[in-house]
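> Chain by chain, the residues run as shown.
2 protein chains.
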Amino acid sequence: MNLSDEQLWERFQRFYSEFPSAGLAIDLSRTQLDSDYLQKMASPLQSAFAAMDQLEAGAMANPDEKRMVGHYWLRNAALAPKPEIRREIEETLAATKSFAHQVHSGAIQGQRGTFQKLLVVGIGGSALGPQFVAHALGRPGADRMNLYFFDNTDPDGMDKALVAIGPDLGRTLTVVISKSGGTKETRNGMVEAERAYREAGLDFPPHAVAVTGNGSELDKTAEKAGWLRRFPMWDWVGGRTSETSAVGLLPAALQGFDIDRLLAGASACDQLTRRHSFQENPAAQLAVAWHAIGQGRGAKDMVILPYKDRLELFSRYLQQLIMESLGKELDLSGKKVNQGIAVYGNKGSTDQHAYIQQLRDGLNNFFVTFIQVLKDRERKSMQVEPGFTTGDYLQGFYLGTRQALWEKERQSITITIDQVDAFHVGVLIALYERAVGLYASLVNINAYHQPGVEAGKKAATAILELQSEVAKHLSENSSRGFNAGEIAEALKRKGSMESIFKICQHLAANQQLAADGRNGIATRFRANS
Amino acid sequence: MNLSDEQLWERFQRFYSEFPSAGLAIDLSRTQLDSDYLQKMASPLQSAFAAMDQLEAGAMANPDEKRMVGHYWLRNAALAPKPEIRREIEETLAATKSFAHQVHSGAIQGQRGTFQKLLVVGIGGSALGPQFVAHALGRPGADRMNLYFFDNTDPDGMDKALVAIGPDLGRTLTVVISKSGGTKETRNGMVEAERAYREAGLDFPPHAVAVTGNGSELDKTAEKAGWLRRFPMWDWVGGRTSETSAVGLLPAALQGFDIDRLLAGASACDQLTRRHSFQENPAAQLAVAWHAIGQGRGAKDMVILPYKDRLELFSRYLQQLIMESLGKELDLSGKKVNQGIAVYGNKGSTDQHAYIQQLRDGLNNFFVTFIQVLKDRERKSMQVEPGFTTGDYLQGFYLGTRQALWEKERQSITITIDQVDAFHVGVLIALYERAVGLYASLVNINAYHQPGVEAGKKAATAILELQSEVAKHLSENSSRGFNAGEIAEALKRKGSMESIFKICQHLAANQQLAADGRNGIATRFRANS
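Chains as they are written, first to last, in my numbering: chain R, 1 to 529; chain Z, 1 to 529.
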């Protein structure tokens with residue numbers, strides 16, 4: 001890849017494409033993509049376009065789960081394959097905006113007055129999108145509502161969020177988001193939130209909203225208790241592609257962001273990424289470049305480096321969108337392929353001071369995606385040195401790093417957007433949704449299921465069942481202590497000694513059991529007296 | 001690796017080690033480490049121990065930069081090789097605590113009253129440690145001072161922090177941290193902070209503190225302008241190992257964290273990690289396990305998954321510590337090795353909902369380091385279901401995920417700590433500092449320099465110089481517009497057409513130039529009239 005300046009300029013002219021309708025440009029010039037590879041991918045790419053057309057038309061694009069894949073309809077409901085789907089999308093969007101308006105105007109209030117804070121209880125697809133968008137568009141301290149999360153089943157994490165909310169729980173709206181309505185972390189968060197309201201002398205239902213599938217456990221709970229509102233989720237929207245459903249739009253609208261512009265950006269990008277042409281389709285460009293760089297098997301990690309603080313959480317959002325979509329054991333024909341692309345990164349130039357050392361000098365096991373934002377800030381910049389603003393430096397560091405990596409044959413893609421606003425956040429979300437879908441077709445996998453996540457949940461359930469058995473045994477034999485081996489023997493669970501030890505160790509650390517000192521795996525545990 | 005339950009229990013008994021003096025345990029049982037590998041590494045490990053002894057005794061352990069490496073002295077100043085170093089460490093620590101006390105008591109105030117907020121201006125090693133520690137130990141809303149950062153040269157990011165600080169700038173202490181005193185991002189942040197104080201009708205110096213090398217550009221600026229305080233940094237402390245210097249301790253003390261306990265934790269861990277024995281040294285265990293899993297060449301990415309919200313930023317901290325230390329082109333003998341280990345991750349069980357799908361089913365190009373925290377929370381937990389707390393679920397998800405990965409031959413290490421407090425944060429920092437140092441010896445590289453970061457900075461400087469030339473040319477020829485090619489020709493910089501285009505594009509987006517429409521690389525740019 002040791003190219004002359006002239007050759008690099010040639011490549012730039014060829015592989016730099018502007019898409020003005022979306023305020024977007026893509027630059028693939030600093031990758032190994034070439035004519036031969038494009039020719040090789042021409043036919044697979046046409047198949048990917050055809051599959052995408054079918055998906056948008058309502059095909060069972062997620063065959064394992066026998067589901068349609070409809071996130072593209074969310075920003076253009078006229079595309080929905082059935083009138084009732086179109087109506088549901090339109091009604092939900094209208095209800096979202098109307099509810100946010102009522103909250104802002106004070107027509108709907110908490111028990112202590114106008115809602116000023118927003119607690120989102122959700123995990124994965126029900127948190128990463130809202131977190132990314134809040135960070136990208138928010139001005140903490142100046143937004144309509146300040147945002148807090150329960151995005152895990154960590155009790156201390158919840159306590160920390162409650163401390164930050166402070167005495168304002170009676171003016172805090174809690175939105176519980178779970179598509180299935182059965183996610184344990186979210187359910188636990190809801191129960192802890194209920195307790196917090198109760199302890200503050202407040203009722204939970206007049207502060208609570210659900211976003212969930214119709215008829216789910218959460219939906220029934222909310223209906224029975226008389227929560228403020230329930231917003232629907234549908235089985236044709238996956239969690240990781242739900243930002244343009246109520247999952248993402250409700251928190252965004254409540255914070256005061258312009259969700260119409262976010263949808264307009266996604267829609268503008270969708271129009272581009274429907275085109276059956278590598279040159280004219282920015283998502284196809286990304287998908288083919290990923291394929292070329294990673295040899296169609298994820299051989300290089302994807303490092304996401306937006307040179308913009310507001311996009312710092314984009315990599316986390318993309319970790320889910322890309323890794324959960326592409327990280328698959330089997331392809332569509334059932335062949336074992338162990339696909340995927342690892343994603344990480346935070347922001348430039350900050351990350352230059354963290355790990356550009358390794359990127360330039362160390363393992364060449366990655367490619368960088370730079371995200372460049374042309375507009376620096378709202379107000380006019382001062383000059384921090386004669387002729388230069390802080391934004392000029394930021395731009396200089398991006399170009400300098402791109403150059404320094406290229407000198408060492410490290411590849412990069414650059415995505416340029418005009419500015420970070422609701423429209424361009426919609427563009428970025430839609431761009432990657434489509435690129436992931438197209439890439440999945442190129443490597444012949446189902447991007448829309450997640451069969452690998454069940455095993456861990458099942459194993460966790462087994463651990464909790466074992467915990468019950470252990471607690472019962474110790475409670476029924478409270479006269480003395482037992483070590484893990486003895487408990488396992490008594491329970492006839494000799495294969496589970498290690499888990500029993502770890503369970504007891506954790507319970508003892510939280511005063512749910514007593515431990516006889518600290519003696520490693522020989523430690524004896526007993527029921528609390 | 002298809003082992004029976006009995007074999008797994010055998011491995012657990014063998015590879016699970018508790019270190020009670022540090023409230024720490026390490027479990028390597030779910031890795032490929034075995035007796036043969038341990039035997040193979042026995043002699044290299046002894047060499048690594050010897051090199052570490054020399055480093056601690058004051059050897060030039062960073063030969064390229066001809067510097068000692070003294071971060072271990074910071075928590076046990078008696079180890080320092082010279083009395084003047086010992087004195088400086090002790091005096092700086094005393095000054096740090098005294099200053100924090102004066103700020104808290106109101107003996108030192110801002111122009112609008114007692115300091116309530118803290119703005120840290122720093123990047124890389126001057127931000128990642130303070131950010132990690134603040135997130136781990138802080139209770140936003142209840143800490144002595146609320147913390148904000150300028151950790152980049154993004155003007156909009158600075159504006160966002162200033163909005164969050166709000167009208168309280170006269171009660172905001174700004175700590176500018178730069179070891180070299182010449183880091184551009186930090187310098188720019190300082191200049192923008194100065195302007196913000198000025199615009200608020202305030203003087204900057206009575207709100208400003210510097211942490212920097214004696215005699216640096218920043219040090220001189222602070223001295224000349226009469227800032228509140230200056231705290232020293234030393235050339236024998238690297239940025240990425242500076243958390244136990246004033247860089248980390250000053251922000252921590254100002255927030256009200258117990259920095260003596262943080263140092264005690266680091267010191268307790270240091271005592272363990274000085275031992276010349278794999279069995280008795282937790283850092284040696286990590287280093288050897290990394291070597292075994294990644295075949296001594298970083299063949300697997302390191303995924304950091306603390307099951308604890310407070311440790312969510314540990315992976316970012318470790319990205320710098322590990323990747324900047326280990327990502328090296330040349331080994332100590334000058335041989336090209338392109339070493340490194342890629343690091344990413346956020347927290348469990350949250351990340352299970354993001355990318356465990358790929359970890360279990362997709363590419364097997366990683367190993368996980370689980371961090372388990374035994375203590376769930378400060379207060380007593382409620383039962384969210386009969387017999388189970390939210391913390392039991394968190395533990396269950398950790399064990400379930402570990403099991404689900406192992407079934408598919410994905411390796412993991414588990415680090416267990418008793419709780420997240422200042423002591424254990426010190427333990428974790430010291431543990432990884434030492435593990436990185438030992439691993440570097442095992443692969444024969446210098447862990448303490450960063451020769452690869454200069455290239456990007458130099459290239460950035462060249463970009464800014466080019467920007468000046470472009471601006472000058474357009475200003476001197478303001479009667480008409482020029483496209484990138486024409487500018488390059490006029491400047492006799494035909495090799496820089498691409499950079500010129502990108503510079504003009506950015507300047508035009510920020511009203512520093514005018515663009516004739518939007519026409520890709522053919523766009524003409526002109527000076528503002």
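Check each hint, because a few of them may be wrong.
You can't tell identical chains apart in this list, so a pair holds if it fits in one copy or across any two.
To be verified - In the DSSO-like style, the derived pairs of lysine-lysine whose C-alpha atoms are separated by at most 30 Å in a straight line are:
#1 82 / 300
#2 494 / 224
#3 336 / 300
#4 375 / 458
#5 66 / 408
#6 408 / 458
#7 457 / 494
#8 224 / 335
#9 472 / 380
#10 66 / 82
#11 375 / 494
#12 457 / 408
#13 380 / 458
#14 380 / 457
#15 300 / 335
#16 335 / 494
Simulated from the structure, these hints should not be mistaken for laboratory data.
> Indicate, hint by hint, whether the structure satisfies it.
Status of the hints after comparison with the structure:
1. 82 / 300: Neither: 41 Å inside a chain and 47 Å across chains, both beyond 30 Å.
2. 494 / 224: neither (44 Å within a copy, 72 Å between copies)
3. 336 / 300: Intra 20 Å, inter 20 Å, cutoff 30 Å: intra and inter.
4. 375 / 458: between (48 Å within a copy, 24 Å between copies)
5. 66 / 408: Classified as between: cross-chain Cα gap 26 Å, same-chain 46 Å, threshold 30 Å.
6. 408 / 458: between (46 Å within a copy, 15 Å between copies)
7. 457 / 494: Within one copy, since 22 Å is at most 30 Å while 59 Å is not.
8. 224 / 335: neither (46 Å within a copy, 70 Å between copies)
9. 472 / 380: between (67 Å within a copy, 20 Å between copies)
10. 66 / 82: within (17 Å within a copy, 72 Å between copies)
11. 375 / 494: Only across copies: residue 375 and residue 494 sit 27 Å apart there, 63 Å inside one copy, limit 30 Å.
12. 457 / 408: For residue 457 and residue 408, the Cα distance is within 30 Å only across copies (15 Å; inside one copy 43 Å).
13. 380 / 458: between (55 Å within a copy, 27 Å between copies)
14. 380 / 457: between (52 Å within a copy, 26 Å between copies)
15. 300 / 335: both (22 Å within a copy, 24 Å between copies)
16. 335 / 494: neither (36 Å within a copy, 51 Å between copies)
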